[in-house]
Amino acid sequence: MAILKAGRNVFLTGSAGSGKTYVLNQYIKYLKDRKVGVAVTASTGIAATHMNGQTIHSWSGMGIKDSVTTSDLLKMQEKKYLREHIEFADVLIIDEISMLHKKQIQMLNDILMFFKEDYEPFGGMQVIFSGDFFQLPPISRDEELNKEKFAFMAPAWVDAKLVVCYLTDQHRQSDKQYNTFLNQIRHRDVSEKSLQMLQESIYNQHKISPTKLYTHNMDVDRINAEHLLELSTDEFLFTAKFKGNERLIEGLKRSVLAPADLKLKIGAKVMFVKNNYEEGFMNGTLGKVIDIKEHEDDDHEYPVVELLSGKKIHVQTDTWAIIDEKGKELASIEQFPLRLAWAITIHKSQGMTLDAAEIDLSKTFERGQGYVALSRLKSLEGLKLMGMNELALEVDDLAFKADQRFQELSVAADDQLPMSELEERHLPFLKSIEGLTDDDVIARYARKREAKKKKLTTYDQTRLLVEEGLGLKQIIQVRALTKGTIVGHLFKIRSSHPDLDLDKFKPSKELLAAIQQAEDVLKKDPKNVTEDGRVRSASIYNFHKAKYEYSDIKHAQIFTS
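Letter by letter, the sequence shown follows residues 32 to 592 in the working numbering.
These aren't lab readings, by the way, just hints derived from the structure by calculation. Quick caveat, the model's predicted, so the values are computed rather than measured. A hint or two may mislead.
[What the hints assert, rightly or not] Below are the DSS-like pairs computed for lysine-lysine, each with C-alpha atoms no more than 30 Å apart in a straight line:
{"#": "1", "residue 1": "K342", "residue 2": "K63"}
{"#": "2", "residue 1": "K359", "residue 2": "K342"}
{"#": "3", "residue 1": "K359", "residue 2": "K432"}
{"#": "4", "residue 1": "K147", "residue 2": "K63"}
{"#": "5", "residue 1": "K432", "residue 2": "K134"}
{"#": "6", "residue 1": "K324", "residue 2": "K51"}
Take these sequences, add in the hints, and give me the full structure.
Below, the structure written as structure tokens:
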């Protein structure tokens, strides 16, 4: 962090699970609290969504080009959004740098020098590249050697004089034996003892069938579809909500691991695809759908998932967003952070931490695939290895040599950059990029940012209109929401603010009497009653043979329950 704060260009690396993304997030927060324009990007859409960023291809405007000419640069300069966000950003972060092609690094350098009108490497911006070259290499259309693909072979990489920060502590694998084995792959020195350990993993037993990791999409899609079809329970479809720039939304759809149309059944094996430490799950946590419940405040349903630990999670929707350097949301997808998890591809597993996995490496076609798959796991007991070919435990020769050099350079950086000298550079660097430097101003701005994040919930916005004395029709009109949603908010207000007078919202006496009659009959059977003692609106709907809309039933229940 001291090296980053001093404004040095950095290559942040280390083995899978060493905390690279954690360090990036700490630095991003530091910059944003000081009002510094930071562009958060990644080489792939999947990696970008982990950080609420966008792909470097989209951010820089280079798209899928192999090269940029002066004519290309002049056309790009005509695009206002490109000009504005490149000019605004003083720091550029690129995650999963191993999957960015050497040509793309060189193009990025040309683009930034042109837009910034500065012939320093990358237009004089501070650049932070993060990744591990033992992970999957860049995809190329032609048969290319890795020395023609790897980002660190680009002249611009050398010119940037990157300080190598090699993280060595392990935060994913708690199993020392398994961690030793993964390091043996990196050192190209897998022992006979480790090979025997792998072979014996086929006998490992798990509480639920572990996720299967395959090298090819075709195997994954087939297995998930077959397993879902085998379940005799009802199928529920949860459709994502989209907001913002259509082109960016299309990119998000391809990158977000939660499908736009999520099909679930009770009994389905699922995986969480986003981190939420407060709720007790992370990207890769496994579980099983044990129920589909109805929200108290509207008619929408949500899944209940039981984790391997036995913990039950009432899953709420989450949001994946592309946010620009100013904190503006450009595009977003709202969906439950789940996907079917009988099988997943190794490529999509990058960045995940898995409790258990059944891995088939018999069709490995790229050096590094085996390491990526095996390093997703926390421990040996979570592994069930079904097969592997001769490539499965191999790493690329150039990646191996480069990693040895990166470790040496990181040790040298420790020796050559005393902490006191780095700390002396923190303030001058902030001033050079016009960041906030006064502690009181920084604290006020940080509070303002936090308050903005904690903007009024949709429920609170309705409550304030109730307090202002607006009626139901007026609130529906002002909020531009459905009656069902507003009624759901009123239902919640009745519990959370019992002092608020809601009499003006009472429906007709006939409706109240009909719903009360249904409740009196239905509450005798426990299956019609929710955990909090409320009669299910679906039961009332069926009791009256669909005579009343769900929103009308909920409306009446505000005053009958």
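Kindly indicate which numbered hints from before are broken by the structure, ordering the numbers from low to high. 1, 2, 3 and 6
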